[in-house]
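Could you build the full structure based on these sequences and the hints that come with them?
Count along the first sequence from 1, then add 811; that gives the number in my numbering.
Think of the hints as simulated: they come from the structure by calculation, not from any bench.
Everything hinted at is true.
Label pairs and their in silico Cβ distance ranges:
{"id": "1", "residue 1": "THR1331", "residue 2": "ALA1133", "range": "52 to 58 Å"}
{"id": "2", "residue 1": "ALA1133", "residue 2": "THR971", "range": "30 to 36 Å"}
{"id": "3", "residue 1": "HIS1573", "residue 2": "SER950", "range": "44 to 50 Å"}
{"id": "4", "residue 1": "GLU1198", "residue 2": "SER1268", "range": "52 to 58 Å"}
{"id": "5", "residue 1": "ALA973", "residue 2": "ARG1072", "range": "36 to 42 Å"}
{"id": "6", "residue 1": "GLU1199", "residue 2": "HIS999", "range": "42 to 48 Å"}
{"id": "7", "residue 1": "GLY1251", "residue 2": "ARG1219", "range": "21 to 27 Å"}
{"id": "8", "residue 1": "GLY915", "residue 2": "ARG1072", "range": "24 to 30 Å"}
{"id": "9", "residue 1": "ASP1333", "residue 2": "ALA1133", "range": "53 to 59 Å"}
Taking lysine-lysine and the DSS-like style, the derived pairs with C-alpha atoms no more than 30 Å apart in a straight line are:
{"id": "10", "residue 1": "LYS1138", "residue 2": "LYS1109"}
{"id": "11", "residue 1": "LYS1109", "residue 2": "LYS1140"}
{"id": "12", "residue 1": "LYS929", "residue 2": "LYS900"}
{"id": "13", "residue 1": "LYS1138", "residue 2": "LYS1103"}
{"id": "14", "residue 1": "LYS954", "residue 2": "LYS1254"}
What you are looking at is a predicted structure, and each value in this text was computed from that prediction instead of being measured.
Heads up, the beta-carbon is just placed ideally off N, CA and C, and yes, glycines get one too.
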Amino acid sequence: MIDDTSFDPETLDAELAESHSHQAQYPATDLRAGLTEPQLEAVTHINGPFLLLAGAGAGKTRVITRRAALLATTVAKPWEILAITFTNKAANEMKERVLTLGIGDKMNVSTFHAFCAKLLRIHHTEAGLQHNYTIADQSDRKKIIKEALQRAEISTANLTPAKVEFRISSAKSDMISPEAMLQNAEGHNDRLIGRIYTIYEEILTHQNALDFDDLLLKTATLLTENDDLRRRLENQYRYVLVDEYQDTNEAQYRIAHQLTREHGNLFVTGDPDQAIYGWRGANIQNILSFEKDYPNAKTVRLEQNYRSTKRILAAASQLITANIDRKEKTLWTDNEQGDPVRVIRCEDNNAEAASVVTDIKTLISQGVSESDIAIFVRINALSRSFEEQLFSAGIPYRIARGVAFYARKEIKDVLAYLRLIINPSDDVSLERIINTPTRGIGKKTIDHIKAFANASSPRLNLLEAVHRYEEIGLAKRAHQCLKSFSELLHKLAELSTTTARHTLEQTLSLSGLMADLNQTADIDAEPLQNIEELVSAASEFDTNHPDGTILDWLTFTSLLGDEDLLQGGTDSVTIMTLHAAKGLEFPAVYIIGVEHGLLPMIRFGSEDADDIEEERRLLFVGMTRAKKRLTLTFAARRMLHGMTSTTIRSTFLDELPHNEIQWLGDSQAWHVDQQRSGTAGGGWAGSSARSGGIDRLPSPRKPAAGLPEDIDEWQLGSIVRHPAHGLGVLIDLSRGARRSHVKVRFKNGMERAWILEFANLHRVDFDEVTDEAFGDEW
DNA sequence: TTGGGGGCAATTTTT
DNA sequence: TTGCCCCCAA
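Take a look at the structure:
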């Protein structure tokens, strides 16, 4: 039987409540009721550091909300409790549940970023900021990086903006300043990035803007350097809780630490096995060494799982034990045994989608609701085959992704006007709106304005430059256009003291945006609808925050993420990435593309054990989302980036408990072979006849090949031969403990990557091939 | 100033 | 294969 609350992370609580014959609503005196031993221990903990290691599906939210409620009704006032989460969703959920427990809405529940944004507004002087700073989002940040690249006059040959952005963000997460980066730079590239980072910071400062990382970084620095303020805050927040502690980065770690330095009442919850944001700067060591950081810490494990069947849990548990970086934890459940976890081998990605969709059809015909079914992918690009086939099967589906509401063009456009009203230094916003809607101010005019601003001393911000249009020396037409734009901005500047809704509506009409939207509404009504939605959002904000200012509203919108997940599609199959799946649960789960290189995702040149462990955790997270039915699939051939390649099943599959798994697919023999030859890898009796593919190995299915005997002679630039693709040059080679990877560029320019053991490549000596018309580009 | 076409890269993305 | 970005033509 499948219930209909799969989307609701609170299902668990409902189940728990049910199993203990309690109401959903607990009077304060009942906060200890119906708890298991470890749960009770956590709920009743009061003073000192505490680590709650909460396994997947073990009832964590229930525990922390009850503890907060208990604190708030005994030793503390609600406003003396600070609960920090990572997502708005988690924050809202906690607020709601605390409310349900009768604690009121005075408890401080907020995301890291929202908490910091507010703190920095209030204590802007101490932090060396202006009160009206704006928050640069990802696209603003990208523009600023491009600008910085230009100013640094660096040939962007091997430095994409994305790469720079990543490096800067990582540095900030680790609390590394531009100076420190320059000092410790190893190699030319690092120095370049250090220089760009420096300029990037200058631009942000000049624009009176902070990016997301700054919110954390500046707060951490402020709390570290300003002991007086730190102390006041510590007095104010006598009990601090940090959720998803395994995902904290250095800055967040510091914030939590500084806020609790003296009273030590830091209660953290998390699960190292679900740490999947290392690539975003999160440091799993924060949770792993909590007990070292806080020697008097108490640790409690929640190991009983209320979500999945025994078999699903056994498979996931076995997988995760392969990780070294973890805290020993043994999940168990009282739930039914359930059906075996299935692993399906498919011929290619279309067969994979077909097989999954067929299975879904069967489930639906048995009365399972579409919303109880989820398909998890490692990368969004994999969703396509599934979309197509779900569509043609007439099964409603939705993709939990897409452009976040506040990242849409039309939304960003209006908000840019408002941001400029609040913060006249916000050049990125000005540049965005100067010709939106089009008003005859093109690139050339903008360049003139910029040049004028830069040439002035001190350097002007663009808004000031616009207002001094007469001094720029523009052609008559451009001069006229800029004049009316300048007048428009003056008019808008006078709006700033009114409500969010009023300001928004005025801006929409004065700027001409509304007229523009109305005009295009015939062709595409969506932008207009989005704007209408924005107006009601503003209106709602005004109602909820009678004392709120435009600035508050802008901050609010800046920190709001993608809400796609929260709304809509109550009867659709959900397609989402494994990352997006964290925290959710579904009765039926399909995990797609469990192949080497995809899951684990391998990037060349950077395969180390940490990455693999995070990938393993990602699969673990995916598997533990499933309540009743779990299916993993992989395809022998996969079309990706417009190219079909032969794949190798993921080594993670070898790490599952073989005998508990139901192995399905065109070829039945492969898994049996697995059991015989251990994890060394093996082929399967291939029904497909593809040249060069490893699925073509004749039986008996031994490992495809070992390393080539002359491996020591392989080096970058070596010439190799592939049976299907011909001659190529080795452009990447990395030797790992278990597998070696190679990348080859072929004569026609195609580049392919393989695991060397399976690649069927042979090194050839240069003089053997000179007569084969090898191009000179080699 | 706008649009279209070619070139090129291509994870994950709580905020 | 798709999607973004940049440059060029009208």
